[in-house]
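S.K.: Full structure from sequences and hints, please.
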Amino acid sequence: MMATITRRPSITRRISTFFYHYPGLSLFLLLLPPLAWLLIVYIGSLAALLVQSFYTIDPMSMLVKEEFTLSTYEELFTAANIDVIKRTVYLAAAVTVGCAVLAFPLAYYMARYANRRIKGLLYLAVMLPLWSSYLVRVYAWRLILVKEGVINSVFEQLGLGSVVEWVIDRPYIGGTGTSLASTYLGMFLVFVYIWLPYMILPIHAALERVPKSLIDASSDLGARPGYTFRRVIFPLAFPGVVAGSIFTFSLTLGDYIVARVIGNSVFYIGPAVSSNLSFNIPLSAAFTVVSVVIMVIYLLIARRLGAFDAL
Amino acid sequence: MPSKASWGLKLATAAVILFLHFPVALIILYSMSEETGTFEFPPRSFTLRWFEVTWENESFRNALLLSLRVAGIATVMAIVLGTLAAAALYRSSFFGKDAVSLLIILPIALPGIVTGIALRSAMSLTEIDFSLWTIVVGHATFCIVTVYNNVIARFRRTSYSQIEASMDLGASSFQTFLYVVLPNIATALLAGAMLAFALSFDEIVVTTFTSASGDETLPIWILNKLTRPRDRPVTNVAAVFVIATTTIPILLAYRFTAGTSEE
Numbered sequence: 001m002m003a004t005i006t007r008r009p010s011i012t013r014r015i016s017t018f019f020y021h022y023p024g025l026s027l028f029l030l031l032l033p034p035l036a037w038l039l040i041v042y043i044g045s046l047a048a049l050l051v052q053s054f055y056t057i058d059p060m061s062m063l064v065k066e067e068f069t070l071s072t073y074e075e076l077f078t079a080a081n082i083d084v085i086k087r088t089v090y091l092a093a094a095v096t097v098g099c100a101v102l103a104f105p106l107a108y109y110m111a112r113y114a115n116r117r118i119k120g121l122l123y124l125a126v127m128l129p130l131w132s133s134y135l136v137r138v139y140a141w142r143l144i145l146v147k148e149g150v151i152n153s154v155f156e157q158l159g160l161g162s163v164v165e166w167v168i169d170r171p172y173i174g175g176t177g178t179s180l181a182s183t184y185l186g187m188f189l190v191f192v193y194i195w196l197p198y199m200i201l202p203i204h205a206a207l208e209r210v211p212k213s214l215i216d217a218s219s220d221l222g223a224r225p226g227y228t229f230r231r232v233i234f235p236l237a238f239p240g241v242v243a244g245s246i247f248t249f250s251l252t253l254g255d256y257i258v259a260r261v262i263g264n265s266v267f268y269i270g271p272a273v274s275s276n277l278s279f280n281i282p283l284s285a286a287f288t289v290v291s292v293v294i295m296v297i298y299l300l301i302a303r304r305l306g307a308f309d310a311l
Numbered sequence: 312m313p314s315k316a317s318w319g320l321k322l323a324t325a326a327v328i329l330f331l332h333f334p335v336a337l338i339i340l341y342s343m344s345e346e347t348g349t350f351e352f353p354p355r356s357f358t359l360r361w362f363e364v365t366w367e368n369e370s371f372r373n374a375l376l377l378s379l380r381v382a383g384i385a386t387v388m389a390i391v392l393g394t395l396a397a398a399a400l401y402r403s404s405f406f407g408k409d410a411v412s413l414l415i416i417l418p419i420a421l422p423g424i425v426t427g428i429a430l431r432s433a434m435s436l437t438e439i440d441f442s443l444w445t446i447v448v449g450h451a452t453f454c455i456v457t458v459y460n461n462v463i464a465r466f467r468r469t470s471y472s473q474i475e476a477s478m479d480l481g482a483s484s485f486q487t488f489l490y491v492v493l494p495n496i497a498t499a500l501l502a503g504a505m506l507a508f509a510l511s512f513d514e515i516v517v518t519t520f521t522s523a524s525g526d527e528t529l530p531i532w533i534l535n536k537l538t539r540p541r542d543r544p545v546t547n548v549a550a551v552f553v554i555a556t557t558t559i560p561i562l563l564a565y566r567f568t569a570g571t572s573e574e
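These protein sequences, in sequence, are chains A and B. At position 202 of the first sequence the residue is numbered 202 (this note's numbering), and the sequence of numbers has no breaks. At position 41 of the second sequence the residue is numbered 352 (this note's numbering), and the sequence of numbers has no breaks.
Hints should not be assumed to be uniformly reliable.
[Said to hold, decoys possible] Covered by chain A, per the in silico footprint, the following chain B stretches (three or more residues, Cβ under 8 angstroms):
1. 337 to 343
2. 374 to 387
3. 420 to 428
4. 448 to 456
5. 508 to 515
Quick caveat, the hints were computed from the structure, so don't treat them as lab data. Virtual Cβ for every residue (Gly too), placed ideally from N, Cα, C.
M.R.: Structure follows, in structure tokens:
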């Protein structure tokens, strides 16, 4: 009996006690693997990206010349490439507005009117497309938009085939091809569809946080529902809209799959990055650095508008 | 405020939900369509033949296998790294803590193309050859956050006094982890793992930058088939596979965390 009590604690027990006495050390050891991974793999890669963008392609050998130069950036800021960047930013902005317009009513209904069960179902209906099958959901729109696709088929059966052609011929929303898939409108629709959940969730979260007492106070003071919405609810929910716009804007800016599966032959940042990849990595890298810079500017504006408190 | 929603609002809500889901329903519909060239709506006749044809296609099976392996390995790595990070961060405060949590979220917050081209640049500078493992490295990096988010949310709701009680009763740290902490976080861990798996399984952007040209994951296989109209029936069936393989884990993850999480 005595022997059991005085026996030296087991090795695992001693290790465990040791860590208990040095919480700082255990914190360090816990944090070391994930932090090392992210610093080496991720931050390291981002640094490599920046470095690459200051290299250039040797025109004779077509190989990357590993010395510091600004010539890749000179190549980047030619008129054609600036057009690519501008066009992508316009598209991203339009998609953001489109998402906000569609997301708000749904988020509003979820936050204010839906009972517990309906809210759970709606939440799941929004979450599911957020996490699943990105490529497949883009591909689905190919079935819808191409010439032999669903929209054409339905419109022709209704005898409205000319409406589709009329839309394709419109400037700004139309395109040069023969199907809706090659129009700006087509790309806009697909992007809105793909990123919509990213807008719904932050707006919903922001609306949930509007205290009921504020709304009661507003109506007690004589405001009509519409006035309360404009002056109380919407201003409080607006940071949620900005928070959602961070995702819709940045994801559209960086996407290159939609343009490849749906779009027309017009270039956007994403496709420009991937098409330069095999023969001019520095130019791809420089394009990416520019889109990251645009994103950082956007994030700074978003922070001023209070978006980070709404995330 | 009126306590009942107006008809307009209800209609808008229903329309948006429909908009979010009908394209995926269309794919499932056309994967069973007899017609191969056009997408006449509604399809005239149905068959399950294409499922058999697809399954017998060797390149499809290879792609499916590669996707499952990548997602499996990336998920295991994300579980380990994400749980460690959550355990380290939930009760501590130290200089740079915000920077660390930002660092965990960054790979998923930045567009995939940034992560992809950054990894590609690094691999090209360090002359690492593309393989299964280069795909896994990319996937594990952006999957850490899903496990981290779920586990840290559960940690915050778990009272620390349980752990103290376990220690006071003489359990070692290992025993406490095994018998107290792990049962508490198990479902959150599982939910995070499911989301990580789904995220990895259908990831395409980062994958295109980090895979060898011969290695096709299922999404890349689909992407390569897209421009060939002859392969449409097979592509549709493969798409249904992706939908199933990503939707089921997400529904399970939702069940595991329902009622216990605001997320």
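S.K.: Run every hint past the structure and note whether it holds.
M.R.: These are the hints, each one checked on the structure:
1. 337 to 343: That given contact holds, which follows from 3 residues of the region 337 to 343 of chain B lying within Cβ reach (below 8 angstroms) of chain A.
2. 374 to 387: violated (count 0)
3. 420 to 428: holds (count 8)
4. 448 to 456: holds (count 4)
5. 508 to 515: holds (count 5)
Checked against the numbered hints given earlier, this structure breaks only hint 2.
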